[in-house]
Amino acid sequence: MTQVSETPLDGRCPTGDIATRWDRHKFDLKLVAPHNKRKNTIIVVGTGLAGGSAAASLAELGYNVLSFCIQDSPRRAHSIAAQGGINAAKNYTNDGDSVRRLFYDTVKGGEWRARESNVYRLATLSTSIIDQCVAQGVPFAREYGGSLANRSFGGAQVSRTFYCAGQTGQQLLIGAYQAMMRQVHAGRIKVFARREMLDVVVVDGVARGIVTRDLVTGKFETFSGDAVVLCTGGYGNAYYLSTMAKTCNVTAAWRAHKRGAYFANPCYTQIHPTCIPVSGTHQSKLTLMSESLRNDGRVWVSKTKGDTRSPDQIPEDERDYYLERRYPSYGNLAPRDISSRAAKERCDAGFGVGPSGLSVYLDFAAAIKRDGEDVVRGKYGNLFHMYEKITAENPYKVPMRIYPAVHYTMGGLWVDYNLQSNLPGLYVLGEANFSDHGANRLGASALMQGLADGYFVIPYTVGDHIATKKLKPVSTEAPEFGEALTTAKSRVESILKVNGKRSVEQFHRALGHIMWDNVGMGRNEKGLIKAIDSIKQLREEFWSDVKVLGSGETLNQNLEHAGRVADFLEFSELLARDALHRDESCGGHFREEHQTSEGECQRDDDNFAYAAAWEFKGIGGDSVLHKEPLTFSDCPLGTRSYK
Amino acid sequence: MSHTGSKILNLNLQIWRQAGPDQPGALKAYQLSGISTDMSFLEMLDILNEQLIAKGEEPVAFDHDCREGICGTCGVMINGQAHGPDNATTTCQLHMRRFNDGDTIVIEPWRAKAFPVVRDLVVNRSAFDRIIQSGGYVSVNTGGAPDANAIPVAGHKQQEAMAAAACIGCGACVASCKNASAMLFVSAKVSHLASLPQGQTERSKRVVSMVATMDKEQFGNCTNTGECEAACPAGIKLTNIAQLNREYMKAVLFSGE
Chain A
1 MTQVSETPLD GRCPTGDIAT RWDRHKFDLK LVAPHNKRKN TIIVVGTGLA GGSAAASLAE
61 LGYNVLSFCI QDSPRRAHSI AAQGGINAAK NYTNDGDSVR RLFYDTVKGG EWRARESNVY
121 RLATLSTSII DQCVAQGVPF AREYGGSLAN RSFGGAQVSR TFYCAGQTGQ QLLIGAYQAM
181 MRQVHAGRIK VFARREMLDV VVVDGVARGI VTRDLVTGKF ETFSGDAVVL CTGGYGNAYY
241 LSTMAKTCNV TAAWRAHKRG AYFANPCYTQ IHPTCIPVSG THQSKLTLMS ESLRNDGRVW
301 VSKTKGDTRS PDQIPEDERD YYLERRYPSY GNLAPRDISS RAAKERCDAG FGVGPSGLSV
361 YLDFAAAIKR DGEDVVRGKY GNLFHMYEKI TAENPYKVPM RIYPAVHYTM GGLWVDYNLQ
421 SNLPGLYVLG EANFSDHGAN RLGASALMQG LADGYFVIPY TVGDHIATKK LKPVSTEAPE
481 FGEALTTAKS RVESILKVNG KRSVEQFHRA LGHIMWDNVG MGRNEKGLIK AIDSIKQLRE
541 EFWSDVKVLG SGETLNQNLE HAGRVADFLE FSELLARDAL HRDESCGGHF REEHQTSEGE
601 CQRDDDNFAY AAAWEFKGIG GDSVLHKEPL TFSDCPLGTR SYK
Chain B
1 MSHTGSKILN LNLQIWRQAG PDQPGALKAY QLSGISTDMS FLEMLDILNE QLIAKGEEPV
61 AFDHDCREGI CGTCGVMING QAHGPDNATT TCQLHMRRFN DGDTIVIEPW RAKAFPVVRD
121 LVVNRSAFDR IIQSGGYVSV NTGGAPDANA IPVAGHKQQE AMAAAACIGC GACVASCKNA
181 SAMLFVSAKV SHLASLPQGQ TERSKRVVSM VATMDKEQFG NCTNTGECEA ACPAGIKLTN
241 IAQLNREYMK AVLFSGE
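Going down the list, the protein sequences come from chains A and B. With the numbering used here applied, the first sequence corresponds to residues 1 to 643, in that order. With the numbering used here applied, the second sequence corresponds to residues 1 to 257, in that order.
If we strip away everything but chain B, and leave its shape as in the complex, we get (with noise of 0.2 angstroms):
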């Protein structure tokens, strides 16, 4: 039971497996035959998973969760592009029709040193934790807000909050960027907030706050080649990262932070 001119593929996987943090890694060739084209990326590499186990070696580890694109846990280089070929998809949701049989395929983790490599094709990505922590938020408790329709919103602003925060944190940007630059991602969180009446209060702080410490987690600088916009699972536009930059000159020149 398939969807009309399904096909099998056969593949020669290369992937990246590194048995911790502080070992060494290397590529290892595997063969994969019987791959249906309706298959997602991912139960392919469940595929290889189940059997490598059977043949006594241990699966490649990755990280996945949702498998629906939205929560940003997946996420690995395939064949050099962050997230593979499709166009605003996430590896979840890349699917094997788009390889040919007998296709080569080489799976590496994110590269870049603020995303240190923890195991195969899984690494960590706390400093984006850290990042929204320097003042990715609106300072607002629980309790006592007012009601809800008291700001009104006009609709293309929220549209343009809404564009922004539709960033689901994965990390293809900094993956993709030669200079492994956190800007996309931080930018999609200041104009976020900036774009609504809700960010105003804290916008300055937030801005010149973020990118010190989007600088000390040691992602590299923006030179504007656009290859994050590219790779972006979520459509997050460059003009981000322009609002970044108006953002923080504004903030550094004339607000006092």
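Same shape as in the complex, but just chain A (with noise of 0.2 angstroms):
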């Protein structure tokens, strides 16, 4: 049984006028003196968008910034590996778009499961991120008359999409790292590569500092200061396979949440529809076919099932264009969590294509027939080479084979309408919140979110914070550091003592299937029941058979793996309890007992609309619960249809 708390949690948001809400909130907001902002440190840790558009941005104001990566360079964060686009309601266009459409577009998207305050503020600040980006000469794609140019994704019917390319993420990450390369050059940004944070440390009620582990030398170190900022990124890793970089990790967040910081909706997870299929045992991850491609590509499979034909030999009236005839309104278009299943379920069927049966076509030959080669490679060339360079085939000739991947996680630690979590002084950003997304997000929403929070929003409630609570400084010499040191050391000790006989990645991609099998794209209750217990088992063999070689006193990336794996093992239990106890189906939460006749996603709005927010009772414990409310005014609760 689950243990609820009795009292609603408060996302504080403000009320009243949903289009001016912000502002009247930003005017609410204390400030802090430019002469004092000096006075004032504030950790950030991960460099992705959301990390370094905040480390650039608080130190511009004035503060001492401390920013820290586990990657060799901030400008390696896994934002870069981002494809299609980022979204902003500039209506440049003249298709009917505005930021309540945006707003509206997002809400749905995230199947009614997102803070309506938190999804505003975003389409707001959608079209600042742009203009900010481009000031700092991000090479968006622009039309011959010299203006910027847009394209489609899905769960739109406007195009609202700003790209560079299929390397979008990659050019606003540079971006952002070169604003933060300019504070480290004025001695505003301190950097701290290859470090990765182990500890929240926490001083009378007040997040006031990290622990660290150097990466290269095995040095634990402690650093204070008066707020600390996570943009540590999503948790997809769990899977095992994802499209994630091999070194995204739960680890920062979780165990913020073991020190009291509350982990909201960890079961929304995202399940791209294109990505290349898995090639054999060794497969170590996967990789996305941007949702950029469906502007221009078809879907389909053979209307036969087991058809073993080569896909030139099947004609036109013996393919199942299964999108477009489900969802004729946003065809290949339709949102990521639909189309993902709508791919399972043609497999499953019988349908699919290629060796395993486990893919379906993505493909060109209209566009290239209507638009000719030059102009498809103009748009997707990068993509196209990817393609090839992992499967040998090209993509001009033959149809791209797709599968859905794990991709993105929506779930994340709670935060107010101030990204704040329950641990004051302790925000969160980006990918690593739970805020803006609901049970699913739509393409090109990820880019503009991570950079909302980190250039428009943490500017001016970190300051709230630091006016407010007037903190008394505090020295890492304080013992709640000692204990968070101590802490952290004898965990990484205690990996290194088991010298059992499994490697870490065999335990990794055993934790993988588990989830995958039973926590992925179709969950029931027996499957999670079954997943919870499967886990339990396998994080105790981790801890009494686990071999890693090597000290903890020089570079072992193997010992780093395992102590992610190691919170894996741990989170990926709540994940699958939250997916439990969320009997309903919703995004990218699909409860198999919860769907309509023609198979999408039955909500259950009386019982379940809420953020369900996980307070840390003890690994495999009874997590408690607290529901926020979650009511919707400006986008009232409706049927998500795509048809």
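It should be emphasised that the hints constitute simulated quantities derived from the structure, not laboratory data. In this text, all values refer to a predicted model and were calculated from it rather than measured experimentally. Beta carbons: idealized from backbone N, C-alpha and C, even for Gly. Warning: the hint list may mix true and false statements.
Unchecked claim - So these bits of chain B aren't anywhere near chain A, every CB distance computed over 10 angstroms:
1) Leu9
2) Asp101
3) Lys205
4) Glu229
5) Met249
To be verified - Covered stretches of chain A (chain B as the covering partner; in silico rule of three or more C-beta atoms under 8 angstroms from a C-beta of chain B):
6) 127-136
7) 179-187
8) 279-291
9) 389-395
Can you join these two chains into the complex? Each is in its own frame, and there are hints to help.
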């Protein structure tokens, strides 16, 4: 039985006219005078779009910023891999877009499981992001006349996506990174690369510092400050195979959770429909083929079960363009969760293509015939090149084969409207928080959220914390720092002491299988209960049988991986428990028990219109559930139809 | 379940092992069998490492992250070529179908004074960050930017900027250069920002400062042999170096920088 807190959780959102909430709220936030900012230190963990933009913007304001990343340079954070684009309600294309429409599309796309106030703010800030990035020199695609170009993404009927070829994330991240480097030069940011955060230090109930391990020397260090800002990304690698970079992990968020920060909606995971299928048991990660490809690519399978003909031998009238058939208004640009399930449905029914039967075609023949190969190359050249590298097939000649893969996680640490967790002084930005995407994120919205949080929200809200809390200086000599340091050290030491027989990689893959099979695109009660048991068992085996060689005093990538897998083994149980408790289907969380006759999600708004924020009560123990009720006044609860 | 035509390879690996920055290193031989041609180069190293762990030998340290060719983290010398034999391809995107059964593959870290070895195949490329710190940006604070469409940028100028901005900062240009020059890296950033209206104000100052930092970090001089362009996984063109030289000359001769 889940223990439920009786007091509803308050997101502390402003009230009244939704369009002016953020403006009014900004006025209510207390300010720190310029000459006082330099006396305050802010710790920013992670250097992706959220962390990079936050560190740069806070330093520009005059704060001392300490910036941490696990990569060898802040420029390598995983935001760099985002391909297709970033949404903004600029309405440059004159096709009916507006802040309200972006807000509406995002709430509906998230299946009414996000907070209206946050989403409206996100839509409002979207336009400033584009202005800011252009000013930094981000080379967005342009029309011949020199104005900015747009394309469409899933779940929208307008063209509001700005892009830099197929490397939008790279260019936006380099923009934020360069802004950071400028502040490093100015002496206001100090970067600590190849450092992993292992704990948050809480003093008198307020987050005041972190514990890190230097991944090169193994040295443990503590840092104190006036606020801690976590921008440490998502937890998709709990599934082992995902489109996330290999070092993406849940450790920073999970350790913060163990210190008291609530973890919200972990069961909301995004399975992206267009990824290159698994090719064998050696597979180490999956590669996304951008959603932007669905602007021109058509998804299909044969109308004949188990058809072994090559795609060029299947005549037009024997093809099932199943997205166009099922969702005529949105067609191939149906949202991600819906497109993924539709692919799974066809493959499960025996219509899948390729050697494994676990893939569908994404075909550009029509676009190439219409626009010519050069135009298609201009739009997607780098993606086609990547596809050919991996599969040895030429997508200009034969259709791509694609299958869904874990790509993004909507859940994360719970935050209020100020992006502050329930632990005062601990802020969580970007994918690491839970706030804006509800149960499903629309394409080209992750970059938007990361940059909105970092450039335009945290600079205001963190000042309010500093101005109102009047924090006393704290030194890393305080006993709380010593205690956290000892905890972090002993965890690393205990991993090295196990000296068992199975490699970290084996445990991680085993966890991935449990998660994909039972907590993947389709979930049911029996499978989830089984998953919880299997995870518990695997965790016990890990602590008695994992084999990590070498010492903790040098670069030891296997030891780093072990620490992250150990945390995934704890966290994944919470994910499965959250999925079990949410006895409805919504967005990326599809409970097979709750579907319409057409196989769509069946929500239960009477019982589940809330964000589920879990309070830690011990590993594998019964976490306490705090419910934040979600109300919808400007985008009323409705049926999510893309037909 | 594999791609059509996949084969199994047996390989002789020669891998650089070095316990730490101040330790001596050496090539060590490993026999590896049963490698599918569908595997990526890094998945081949994953298999080797799993076998080493099973035998009680510490795995080979190598840098990698996105495994999609965009983050710039991975990169090793493969038979003397930065990122191996394929054009415009990072180490993580190189696949084993490029090799033959019985091949010997020599794997070494990037070699450059400015990129000291951290361990095995891992090097320290923080010199690149310091070059960017010295001017690889537009000095604009958050907030107050004009509307994005206020300044038009011609399509071909944007494409020029994008082609240069595509640099992933992996360091292959330095590793492949006999002088360990960072000119291709520096020129990519200088060209990117010089092609856009937003980069004009600091155009002269930027190039002078970035070149000075490049020299200070002990990267070598460019002698136009073009190895960097051949090795670059992001397709950064040698013409950027010509532009860098032009920008530099203009700045020191005419701008007073």
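Please count how many residues of the segment 389-395 of chain A have a CB within 8 angstroms of a CB from chain B and say whether that reaches 3.
-> Our answer is that it holds, as 5 residues pass the Cβ test (under 8 angstroms) against chain B, meeting three.
Outcome, coverage hint (the segment 279-291 of chain A, chain B; C-beta under 8 angstroms; three residues) = holds (count 8)
Going by Cβ atoms, does Lys205 (chain B) stay more than 10 angstroms from chain A at every point?
-> Consistent with the label, Lys205 (chain B) stays out of reach of chain A, its closest Cβ about 12 angstroms off (over 10 angstroms).
Three-residue Cβ test at 8 angstroms for the coverage of the segment 127-136 of chain A by chain B = holds (count 8)
Distance rule for Leu9 (chain B), whose beta carbon must clear each one in chain A by more than 10 angstroms | Check passes; 12 angstroms lies beyond 10 angstroms.
Per the stated criterion, does the least C-beta distance between Met249 (chain B) and chain A lie above 10 angstroms, as a non-interface residue requires?
-> The claim holds: Met249 (chain B) sits with its nearest Cβ about 23 angstroms from chain A, beyond 10 angstroms.
Within 8 angstroms of chain B (C-beta), three or more residues of the segment 179-187 of chain A = As far as the segment 179-187 of chain A goes, the hint holds, because 5 residues have Cβ atoms under 8 angstroms from chain B.
Check the non-interface label on Asp101 (chain B): least C-beta distance to chain A beyond 10 angstroms or not.
-> holds (17 angstroms)
Over 10 angstroms to the closest beta carbon of chain A is the bar; see if Glu229 (chain B) clears it.
-> Consistent with the label, Glu229 (chain B) stays out of reach of chain A, its closest Cβ about 17 angstroms off (over 10 angstroms).
In terms of the numbered hints stated before, the structure departs from none.
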